[in-house]
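Asks: These protein sequences, in sequence, are chains B and V. Read left to right, the first sequence gives residues 3 to 302 (my numbering). Read left to right, the second sequence gives residues 46 to 575 (my numbering).
Hints listed in this document are in silico derivations from the structure and should not be mistaken for laboratory results. Note that beta-carbon positions come from the ideal geometry of N, C-alpha and C, so glycine has one too. Warning: the hint list may mix true and false statements.
[Claimed, not checked] Quick list of the computed label-pair ranges, beta carbon to beta carbon: (1) A179(V) / R131(B): 30 to 38 Å; (2) V163(V) / E123(B): 52 to 60 Å; (3) A519(V) / R131(B): 41 to 49 Å; (4) V299(V) / T89(B): 40 to 48 Å; (5) W526(V) / R131(B): 42 to 50 Å.
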Amino acid sequence: METPIEVSGLVKTFGRTRALDGLDLTVRAGEVHGFLGPNGSGKSTTIRVLLGLLRADAGAVRLLGGDPWRDAVALHRRLAYVPGDVTLWPNLSGGEVIDLLGRLRGGLDPKRRAELLESFELDPRKKGRAYSKGNRQKVGLVAALASDVELLILDEPTSGLDPLMEEVFQHWVRRAKQDGRTVLLSSHILAEVEALCDRVTIIRNGRAVESGTLTELRHLHRTSIDAEVAAPLDGLADLPGVHDLRVDGNRVRFDVDSAALDAALRRLTELGVRSLVSTPPTLEELFLRHYEAVPEELTR
Amino acid sequence: MSALTGTRHLARLILRRDRVLLPLWVLVLAVLPMTYATSFFELFPTDAERAAYAAGTARNPSIVALLGPVYGESVGALTAQRGGFLLVIVALASLLTVIRHTRVEEEAGRRELLGGGVLGRHAGLTAALLVTYAADLLLGLLTAAGLASTGLPAAGSFAYGLGAALTGVVFATLGGLAAQLTETAGGARGIGIAVLGAAFALRMVGDTASNDWPSWLSPLGWAPRIRPFEGERWWVLALPLVASALLAAVAYPVSVRRDLGAGVLPPRLGPATAGRGLAGPFGLAWRLHRGQILWWSVGFGLLGLILGGAAEAAGRSVEGNPQLEQIMARIGGASGLADAYLGATLSLAGLAAAGYGIQAALRMRAEESAGHAEPVLATGTHRSTWLLSHVVFALVGPVVVLAVTGLATGLTYGLSVGDVPRELPRMLGAGLAQVPAAWVLAGLAVLLYGLLPRLAPVAWAVLAVCVLLGQLGAVLELDQWLLDLSPFTHTPQVLRDTWSATPLWALAAVALALAATGLTAFRRRDVPIT
Numbered sequence: 003m004e005t006p007i008e009v010s011g012l013v014k015t016f017g018r019t020r021a022l023d024g025l026d027l028t029v030r031a032g033e034v035h036g037f038l039g040p041n042g043s044g045k046s047t048t049i050r051v052l053l054g055l056l057r058a059d060a061g062a063v064r065l066l067g068g069d070p071w072r073d074a075v076a077l078h079r080r081l082a083y084v085p086g087d088v089t090l091w092p093n094l095s096g097g098e099v100i101d102l103l104g105r106l107r108g109g110l111d112p113k114r115r116a117e118l119l120e121s122f123e124l125d126p127r128k129k130g131r132a133y134s135k136g137n138r139q140k141v142g143l144v145a146a147l148a149s150d151v152e153l154l155i156l157d158e159p160t161s162g163l164d165p166l167m168e169e170v171f172q173h174w175v176r177r178a179k180q181d182g183r184t185v186l187l188s189s190h191i192l193a194e195v196e197a198l199c200d201r202v203t204i205i206r207n208g209r210a211v212e213s214g215t216l217t218e219l220r221h222l223h224r225t226s227i228d229a230e231v232a233a234p235l236d237g238l239a240d241l242p243g244v245h246d247l248r249v250d251g252n253r254v255r256f257d258v259d260s261a262a263l264d265a266a267l268r269r270l271t272e273l274g275v276r277s278l279v280s281t282p283p284t285l286e287e288l289f290l291r292h293y294e295a296v297p298e299e300l301t302r
Numbered sequence: 046m047s048a049l050t051g052t053r054h055l056a057r058l059i060l061r062r063d064r065v066l067l068p069l070w071v072l073v074l075a076v077l078p079m080t081y082a083t084s085f086f087e088l089f090p091t092d093a094e095r096a097a098y099a100a101g102t103a104r105n106p107s108i109v110a111l112l113g114p115v116y117g118e119s120v121g122a123l124t125a126q127r128g129g130f131l132l133v134i135v136a137l138a139s140l141l142t143v144i145r146h147t148r149v150e151e152e153a154g155r156r157e158l159l160g161g162g163v164l165g166r167h168a169g170l171t172a173a174l175l176v177t178y179a180a181d182l183l184l185g186l187l188t189a190a191g192l193a194s195t196g197l198p199a200a201g202s203f204a205y206g207l208g209a210a211l212t213g214v215v216f217a218t219l220g221g222l223a224a225q226l227t228e229t230a231g232g233a234r235g236i237g238i239a240v241l242g243a244a245f246a247l248r249m250v251g252d253t254a255s256n257d258w259p260s261w262l263s264p265l266g267w268a269p270r271i272r273p274f275e276g277e278r279w280w281v282l283a284l285p286l287v288a289s290a291l292l293a294a295v296a297y298p299v300s301v302r303r304d305l306g307a308g309v310l311p312p313r314l315g316p317a318t319a320g321r322g323l324a325g326p327f328g329l330a331w332r333l334h335r336g337q338i339l340w341w342s343v344g345f346g347l348l349g350l351i352l353g354g355a356a357e358a359a360g361r362s363v364e365g366n367p368q369l370e371q372i373m374a375r376i377g378g379a380s381g382l383a384d385a386y387l388g389a390t391l392s393l394a395g396l397a398a399a400g401y402g403i404q405a406a407l408r409m410r411a412e413e414s415a416g417h418a419e420p421v422l423a424t425g426t427h428r429s430t431w432l433l434s435h436v437v438f439a440l441v442g443p444v445v446v447l448a449v450t451g452l453a454t455g456l457t458y459g460l461s462v463g464d465v466p467r468e469l470p471r472m473l474g475a476g477l478a479q480v481p482a483a484w485v486l487a488g489l490a491v492l493l494y495g496l497l498p499r500l501a502p503v504a505w506a507v508l509a510v511c512v513l514l515g516q517l518g519a520v521l522e523l524d525q526w527l528l529d530l531s532p533f534t535h536t537p538q539v540l541r542d543t544w545s546a547t548p549l550w551a552l553a554a555v556a557l558a559l560a561a562t563g564l565t566a567f568r569r570r571d572v573p574i575t
């Protein structure tokens, strides 16, 4: 089976702004791929290039085995897209928009459409202008999730949804995965990505700074250890890979690289461990690590 | 906190946001009457020349229908009449400005953002009205100063300026009321423009009839009836003031009683599923354009009925005036005069139809900016198909509108001269002859949209230039090459016996070339460009 999304060295500039600066992104068939980054990091630009709406300045982009710019129409029949800010025609009802988008893609499953409307608690008779932000988003989600497509491209799809609806959304994404669909989920909600995604790409300033499974990403980073030992501590500070060591009587706290974890634990057990708490890095920490250095990135 | 708290801040916000648009229309509309006066002084320096012009042109019912009555033969009287159509534009600008700062804001949700701050419940409406009133008043004073500077009497200049200003005030207040009625800015604009159209039609009927009482019912009929430069009747100024007060007296209570975001007319639920027609991009485009095309057709049909009905009287009006009859004989007698009048009205309809074409083409820009184009183009819809689904309306719309106008005109004119079988096809043809020129402007809008989407609204400016060339060209004695820049200059007078169809084919070819270039550019550019 072909790789649904393959992007390498993608560059896109708007005037003097370099929105994408050599981005790499690979999404494998059947996976839910998290595309993480703060506002303005280039997520939506990448997605628009993938949809053939923007033309790449440099780099190679393959979508479902085709060229997203040249083969746009044929490829679009095989995917569904939900923009980050779904705007509806003010004089069309939600149900009309769902059906219209479905038909433009080549049809949708009426049974699933009804199920989706029910689980998202969406009234399809309201006119576009009458929906709240969250409900507009639901219209886009129902239209996309009810379509029989291979690939779902979701650009921050849950902005404006309440926690209950977030749950419903996650249920439907899992179901899409079970049905064998591939999902590219752009998001800045880390809990959502952690709950749903097989693999993650973190983007910053138009470049992918990390990519892999959550386990792999964690592996690259440090585990925090908080232990109480029987004997006074020595010989730990010299170990390579141990950082931020703090000793408070018999209590030791430190961060350790995954590669040095084994050696550090051996040293601890030699001293006699009374209690031990080990915390793997959360996605949030992984994420912040890339952005902490430049806090203005987050506010941009 | 009083009901008006925050009005000052909102007014400043409006001035800040409209710092270009507002001074622009005030200035342009204030300067035009001055240029009319100057050209009358130059063209007709003597009483005899002015008398001939008044008899031959200014009293011509077709001119009276379009511009309003003329109350004398002085330069001032002629200028006041010539500026008659400006009243409609002042009214429209005032109306749209108020709606823009009330219902548009509310619909976009920006009003809610401000409503959370310290704002009295009347502040929004009051700020929009005050700013527009101030703009109208400034326009009136500038107009008066400009007219007086050409050497016209100060009293008359002031009367004319004040008449224009108060016409704006009436329609600004009407805009304030319309904005309370519907949930959408489009609906409010529709109500306002419908009333403006009705006022224009009433004034037209009244001014060309033997008894002018319908004009006294029309807010557009009041300013001329102050009779600037011809024994000013200052008491007429009370009419627009009273009308504005009445409109405001309705608007304010309504504005307080309704909820934020809601209108008086309730919104309706739509269908839960899409009908069979709403399938492809063309089905969508039809849904987006059908309201416009319907209302334009209704409006132009009514206008055609009125104008066609007035044409026969216009042709007869010169009877018993040997000097005029002599002039008219040269252009074909009474029927020739009626034809000239009908030709002139249908060419105005052509300009308006070009406005429809531009508006329909710019719908694409609105779709793109609002984020509606992106999800559609991310489906199996070709870019060309999407573009064509809108361009079809930009091209077919003017045909429909002009055909309806021509048929309606032909029907009433045919009835009045007792020869419907002859006049109906003639007027239909004369209406349709305007189509290619209108297409050129629609094509230009498509080209701009494809190539330089941010500049697409420039198409409106080009239409404005064409209107000015057509309206002022003869008065200012502009060079022919300048007049030739407007596609409307090339539309043949098909109501005359001899005319050539070649320009029509050429115009249509130009229009299609423009649109095709726009399509090619659109296929290559990034979407969306915001």
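Asks: Confirm or reject each hint.
Replies: Evaluation of the provided hints:
Between A179(V) and R131(B) the CB atoms are about 32 Å apart, so this pair conforms to the stated range of 30 to 38 Å. A hinted range of 52 to 60 Å for the beta carbons of V163(V) and E123(B) is inconsistent with their spacing of about 36 Å. For A519(V) and R131(B), the hinted distance range of 41 to 49 Å is satisfied, since their beta carbons lie about 47 Å from each other. The hinted range of 40 to 48 Å is not satisfied by V299(V) and T89(B), whose Cβ atoms lie roughly 29 Å apart.
In this structure the supplied range 42 to 50 Å holds for W526(V) paired with R131(B), their Cβ-Cβ distance being about 49 Å.
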